[in-house]
Structures are given as C-alpha cells and as structure tokens.
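Please model the complete structure; the sequences and the hints are all you need to start from.
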Amino acid sequence: TFELQQYYCTSTYAAVYTAYVGTYLISTNTDQFLSLSTRHHTLRTMTNIVRFAIACSMLPCNVHAFTLSSMKNTRTTPIIQDIQNLESSRTKKDLSIERWYRDQGVIGTSCINLCTSEKSVAGRGLFWNCKKDAQKGEILAFVPSKCIATKSNLIQNYPSLQSMENENSNVSISWQAKLTTYVNHCLGNPNDCENRKEWIQSWSGGGPGSPKPASTYSSDEIEHIAAVADVAEDIAREAIDSRYETYMNDWNSVTAYNKDANASERFGDLYSIILSRTASLGPEWEYQRGIIPFHDMINHPPLHQLPNIELFSFGHVREQIGYVHTCDMIRTLAKNEFDAGVRKDFYQYSEPQDGDILLVAREKIIKGDEIWLSYKNHKENFDARERIWLLLQYGFPFHK
1 TFELQQYYCT
11 STYAAVYTAY
21 VGTYLISTNT
31 DQFLSLSTRH
41 HTLRTMTNIV
51 RFAIACSMLP
61 CNVHAFTLSS
71 MKNTRTTPII
81 QDIQNLESSR
91 TKKDLSIERW
101 YRDQGVIGTS
111 CINLCTSEKS
121 VAGRGLFWNC
131 KKDAQKGEIL
141 AFVPSKCIAT
151 KSNLIQNYPS
161 LQSMENENSN
171 VSISWQAKLT
181 TYVNHCLGNP
191 NDCENRKEWI
201 QSWSGGGPGS
211 PKPASTYSSD
221 EIEHIAAVAD
231 VAEDIAREAI
241 DSRYETYMND
251 WNSVTAYNKD
261 ANASERFGDL
271 YSIILSRTAS
281 LGPEWEYQRG
291 IIPFHDMINH
301 PPLHQLPNIE
311 LFSFGHVREQ
321 IGYVHTCDMI
331 RTLAKNEFDA
341 GVRKDFYQYS
351 EPQDGDILLV
361 AREKIIKGDE
371 IWLSYKNHKE
381 NFDARERIWL
391 LLQYGFPFHK
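Numbering follows our numbering, in which position 69 of the sequence shown is assigned residue number 69; successive positions increment by one, without gaps.
No wet-lab data here; the hints were simulated from the structure.
Some hints here could point you the wrong way.
Once the Cα atoms are required to be at most 20 Å apart in a straight line, the calculated EDC-like pairs of lysine to aspartate or glutamate come out as [claimed, not checked]:
#1 K335 - E138
#2 K146 - E98
#3 K335 - D103
#4 K197 - D269
#5 K335 - E98
#6 K146 - D103
Given below as structure tokens:
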C-alpha cells in the first residue's frame, strides 16, 4: 500500500534514491522463500525510510513535489545556467544588506554573495561566486569585532544592559533575554542602535516562531515531532513545555525593559530568531555568545553534505600561522574587493584585533557552491530534551 508521493527537498537527492531502493525491496522481497529475519530487516529498512522522509519534510527549505517517474529528469539545465540563474535571483534586499555589511567593515562580499534562491537549502544563503576556486585553509571573509551583536559591544549604546545586572543582582538574566531586549529596543528606537535596524530586519522569516506550550499543539503535531526526534510522545510534550517555561522565565526577567508598543508581541519571535543565529565567540570574547554579521546568513548543510567552512577568531589564526601572514591574507581579501569595484580603498579597514572573526575554507569550494557551516556536531549524543529543543529551534533533527 506504500506509494511514494511525498514532498522532498530538491537538494536531498539521497532521500529520493533511498526511498526508491526501499520500494524496490518491498516489491521484490515478498517471496515466500525469504527467511523471517530477511523480512524483518526489510521492514526495519522501510521504517527508517519513512522516518527519513519525515525528517526531510521538516528541513527549512523551499520544497517541490515530484514522483519517481520524474526523477530521471531532475537536472534539466547545465551547471553554467544554474550559476546564471543564481546571480539573477539576487533581490534588492540581498544587495542592500551586502552594502550594509561592507559599510560595517566586513570584507569578502565580492566572492561570497547573499542569494534568495531555490538552490539554497533554506531558500536564502551565501554562495561562492568567484571564478577562482577557494582552497582549503583560505580566509574567505573578515568580520570586525565592533559590529558583532554581543553584550560587551552593545552595552556602550544601550546602558540598560548594564543596569539589568546592577539592579537585579538577585535575578539571573540570560544572555538570550538581554540580546532580545536590545534587538527589540532597536526596532522601536533605531537612532539608539548605530544603524543596526536594517541588519535586524534582514532576519525576518529566518527562524521559528515564539515558543509555545504543548497544549497548543495538535495530537498529530506531537506525534510527528516525537517520531522525528525518536522519543516517546509524553517525553516530547515534557520537553516542549520545558522549553516554553524557560522562555517565559526569560521574558518575565526583562519585562520591565520591554515597554515599547508591541514589544511583547515581537519579543517571542525575536527570542527564537536570536537563539538560532548566535554563535560562541571563543576565548577572545570570554566565550560570550553573539550574532555575527554575514556569518548569520550561513546555513547548516543538508543531511548528505559536510560543512565547507569554519569559524575562527583572528587571534586563533594569528597564533597558528603568525600575525604578518594572517594580515596579508586579509589584505588580499580587501584588494579583491577593490579590484571587483565594491571597495574604494583596499586599505580601508582598521588594524585587526584578536576578537575579529574569520571565515576559513575547510575544503575546496567552486563557483556556485553554497557556503555551509555546521551548527551542531551530528556525532554528539543528544538526550531526548536536547533533540526536541534543537528540532523546534532549527526545524530539522541533529541526531540523524
């Protein structure tokens, strides 16, 4: 009775092929002479295929319906045409936020472009758009520490972050509650935020909605979430409620600082977006978490792919290859932008600081490739609650 009429991400060809093989096993391994163990193995294979299909359907990407009969015609355009389509898909918002990146001192936008495209695993992402391939170990982008959204940076133009700690010494306010409060304030008071409003607005649609209790989910939704996370339904409900309770505690701890009109309505959605976009900034930042311009548009790779870049601080790379060599690589990046006509002066950047962020290629990247960064290590042993939280936060499972 199984019919393959599911929706799959166009990038996840492995899912389609696996399902095709699974249907072949079901149709051919029903011979009466097969042993019971073989039939049991076939049933387990089919069960895993269905779970994989469910997981694929939760990936945050633009999905298209197609059946097995259309698989042989999946690629109908040559690679060069794909690249041309990618370049033409860049929207005014994509180009505008790239200009904002450059105005903040970000280097690397001449070769790494933001594109709203079906080719992206999430519908929008960063792509390598240089004729020359990026090589393993090459610095691809430079992000100055001054433009990173983190407490130590934001406190200078939003003193309330400091008062949160001074006036509430008996109340623990989480970093995500503080950052969300600042971002919420920016949307209502853009003059206080050093022109960050345009950047913040670019996050629109870039994350899940506000956390909500399990009682607001339908029984089908709970069953679906539990199946993908591979947990019992009662555990799924407990984890969902625990996540909601954490959110409400965070909201209650900063309610007094969110009095602008519509602040309470925006807070929940911003809270989830910020959780999905922050990164640990390493020892140079005393392991603070923050949102890094440019980096925040990078997607996690689909299930059958590996990340092709890594995140480092300038201080870390400097210790590995030396100050002069690291600076030379950054100057080369700036000169490339100057040669491409996107930068007026390739010496137009400050002396690098140890807290500056570098995006480094971990393998060869060719023109048209999407830039991918691993959000979590799939090899980690996540407990049931972590699996549910990550699934609700990012829209796809990390334990598969």
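Status of the hints after comparison with the structure:
1. K335 - E138: With a Cα-Cα distance of about 15 Å, the restraint between K335 and E138 holds, given a limit of 20 Å.
2. K146 - E98: At roughly 17 Å apart (the allowed maximum being 20 Å), E98 and K146 satisfy the hint.
3. K335 - D103: Given that 20 Å is the threshold and the Cα spacing comes to 16 Å, the pair holds.
4. K197 - D269: Roughly 16 Å separates the two Cα atoms, so the pair holds.
5. K335 - E98: With a Cα-Cα distance of about 17 Å, the restraint between K335 and E98 holds, given a limit of 20 Å.
6. K146 - D103: holds (12 Å)
Violated hints: none; the structure is consistent with every hint.
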